Every structure is written in structure tokens, then in C-alpha cells.
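Q: As they're listed, the protein sequences go chains H and D.
Quick note on numbering: the first sequence equals residues 0 to 245 in numbering that gives the first Met the number 0.
Quick note on numbering: the second sequence equals residues 0 to 125 in numbering that gives the first Met the number 0.
Hints listed in this document are in silico derivations from the structure and should not be mistaken for laboratory results.
Warning: the hint list may mix true and false statements.
Keeping only pairs whose Cα atoms sit at most 30 Å apart, straight-line, the calculated DSS-like set for lysine-lysine is [as the list claims (entries may be wrong)]:
id : chain 1 : residue 1 : chain 2 : residue 2
1  : H       : K77       : H       : K90
2  : H       : K163      : D       : K55
3  : H       : K137      : D       : K110
4  : H       : K35       : D       : K110
5  : D       : K14       : H       : K137
6  : D       : K66       : H       : K35
7  : H       : K231      : D       : K30
8  : H       : K137      : D       : K30
9  : H       : K35       : D       : K115
Just so you know, these numbers come straight off a predicted model, no measurement behind them.
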Amino acid sequence: MPEQQEVEVAELPCNPDGTISHRTVREWLKLVAQAKGEVCGIPMPIEGQKLVVEPSHPMAETLALLLNAPAPEDPDDKKWTLVNQWWSRGKGAYVYVWDYEGTRMAFKRYKPHSLKQQLETLGCSHVWGLEQEGNALKLLSEMLRPHNFNQYVMTGMFLERSEKSGVTYLFRRLRPTLACTATKDDDMKMIAALCMHPIAYYQGTWAGAMCPTDDVIAHLAMMRGDEHMFWKRCNQHSPLVPEAGL
Amino acid sequence: MGEMAILNVGEGDLKLSFDPANPMEQIQAGKTVTDMLRRGYALFVEVGQTDEGQPKYARVYQFDEEKREYIIAGDGVDNTPSEEEPPMYDGDEGGTPEPKRKRGRPTTRVKAEDAKGVGVARTAGG
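Just chain H, same shape as in the assembly (with noise of 0.2 Å):
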């Protein structure tokens, strides 16, 4: 670990309400994480959301019980095994094969649509900064060439393909990255979106705990340095699922 400092941490501002902004604690955790010398810094446990963390962070196991306590364990839960999931394109909808104490049971998740994904993204806004996005375009500008970066502030996206692979990957903000190859007909195939946040992410949504550009310069870096590992550090989606965000 880097070498530890100790850091003044100054009380902590309140509004006129008594309630703290999540600036302020964004701001204090950041300062805690200079004090560890956690390069990578602590993500920031919102309400209603979990926080899913790598599990090799040194706070993973208590940000994970931060806001999001177990619930009680109830002992009929036990005798359900589930055997079975998958995305039925057909029903608009994720089937669930349960079985409980020997009787096989499917149940259906209705997802026509990512609208609640989408809003569930946007509430978890609230924990990057402009300061940070700001900085994550100016290393993001210093990766791309000018028109590809003109793309990506101007629509959130933008393309690259690999030399090494010869797939086309589709960079984007929020979203998974989409991997697309040529066909015969000179059109595009979806291979894959892959989905990867280091650090830590909110479940059930786009977000990760890095600001949107970081996630983005994240995948782009992998892809262009170890078009291998980004592929087995992805979770890979259909692009026929919501959560591939089409």
C-alpha cells in the first residue's frame, strides 16, 4: 500500500436542515481514501441503491453492509433452488425456474422496457461530480483523435475499431459497449454488449461509482491493451436484453 497519511478532516458542513449533500461526502471520501493511500479511492453508498464493490477493495465488506443490512433469513427460503433463467424475447420478459421441495415452478419477470433502468441511472447521478467529469474528458481528449472526441461530447458515443480482432467496438456513456462485426452484405452484426465497472457499480442500473467518461476511458483502454482480458472482465449481454441498453 502507499504510504499512509495523516490528513486534517474538518467537520463536515451542514445545510441549514441538518442534512449533509452528497458533495460533502464525496469530498470527505475522498479525503479518507488519501489518508488510506486507496488510489482508486471509496465509492459512495447512496440510499435505495446497492453497491456492488469489487470484492478485493479493502471496504467491500463494509460499504456492502452500508445501507443495504441483510434481510432477516426466513427458513422457507431454503427450500427454493433455482434451476433455471433466462430472456425470453418472444414474452418480453426473464423466466425463472424455481424448485421448491421437489415441485418445479416458472415465474415471469415482465421487462418490455429499461425505463426504470434508466431512471434508476439517473438517481445515482448525485454521486459523480462535474469536477471529476471534467477531468475524465480531458484524459478522454488525450486518447482520441479530434473528431471521434467531437463525437462523444456531442452524442455520448463514438467508434473504434481493433486493429488486432477486426471488431468494431461501439463506445458509450452510461451503456454497455457494444461489439459489432462486418457481414457479407457490408452490414453490421451485434456480437455482444459488454457490461464492466471497475471498483464498484449500482445494481439494477448503468451506473458505475467512477463518473461516466472513466468507465468509458476504462473500456477503451482494455480494448486497446488487452482486447483478451476486456472481453473476460465483461459481463457479455445479448443485445436482444434491456439491460444491453438498445
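Since chain H is already given, all that's left is putting chain D on it; use the hints.
A: Relative to the frame of chain H, chain D by itself:
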């Protein structure tokens, strides 16, 4: 001046600089890079440009603190995870270590004070 930008939650990115005029800073940055590699961070350094003018990146497997050089992919690099490393969390249950590369061509080294790079922490999933 060489820089390694570590993607960070609180700051966007944290810059580690290898300024030849500041040896103490170089030593501290080198220790941080070694620690990150041990903890499973993925570090990438710019090693040139493509024909289309895009930066080319190579993954860093080791860091020579004495010479302050990144050792990037190439024959002769043992990039098998050490026993001290935390379990791999690459989306595979149980994790699969990278295959040990065969010895042959000499390793490729990049001086830290000349290189720009990006560091990415381990994956939480997605």
C-alpha cells in the same frame, strides 16, 4: 514527463508522475505502481500510434523499480499471478490465471519517465 493516470472515484483520475527532476516523487510513484500490479490493477502504457493516428496501448505486467521501467507484454515475461495475489475476479468463477509465457525474445521495456499510461482497478462486474 511520464504520467500514469489511475482512474479514481473521487477525482476522476489520480496522476502518478515520473518527473526526472523529482527523484522522491519517482520513487513513491514506482512503489505505487508495483503495489497496484500486485493487487491486480490493469495498467496500460502508450507505445506508439496506429496508421490512423490513434494511440496504441500495451499492458504492463511488471515494473522495475530500480530502473523505473514498465515491462510490457513479450516473451520471457512471467505474468502468472503470484500466490500472494487476491483471487482473480475476471467474471470467471474461481478465476483463471493468465498462461505462463514461453521464454524466448527479450522483454520489452518502456521508461516510465517517457511514457503515458492509464491504470484501471479490478472489476466489480456489470
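Q: Keeping to a limit of 30 Å between CA atoms, is the pair of D/K14 and H/K137 held or broken?
A: 13 Å, holds
Q: Are the Cα positions of H/K35 and D/K115 separated by 30 Å at most?
A: Distance ~26 Å between H/K35 and D/K115 Cα, so the pair holds.
Q: Holds or violated: are the alpha carbons of H/K231 and D/K30 at most 30 Å from each other?
A: Cα-Cα ~28 Å, so holds.
Q: Given the hint that H/K77 pairs with H/K90, does the C-alpha gap stay at or below 30 Å?
A: 29 Å, holds
Q: Does the alpha-carbon distance linking H/K35 and D/K110 stay inside the 30 Å limit?
A: With a Cα-Cα distance of about 28 Å, the restraint between H/K35 and D/K110 holds, given a limit of 30 Å.
Q: Measure nothing beyond the straight line between the CA atoms of H/K163 and D/K55; if it is 30 Å or shorter, mark the hint as holding.
A: 11 Å, holds
Q: Can you confirm whether the C-alpha distance between H/K137 and D/K110 stays at or below 30 Å?
A: 24 Å, holds
Q: Under the criterion that the straight-line Cα-Cα distance not exceed 30 Å, is the pair D/K66, H/K35 satisfied?
A: Holds, at about 27 Å.
Q: Check whether the Cα positions of H/K137 and D/K30 lie no farther apart than 30 Å.
A: 26 Å, holds
Violated hints: none; the structure is consistent with every hint.
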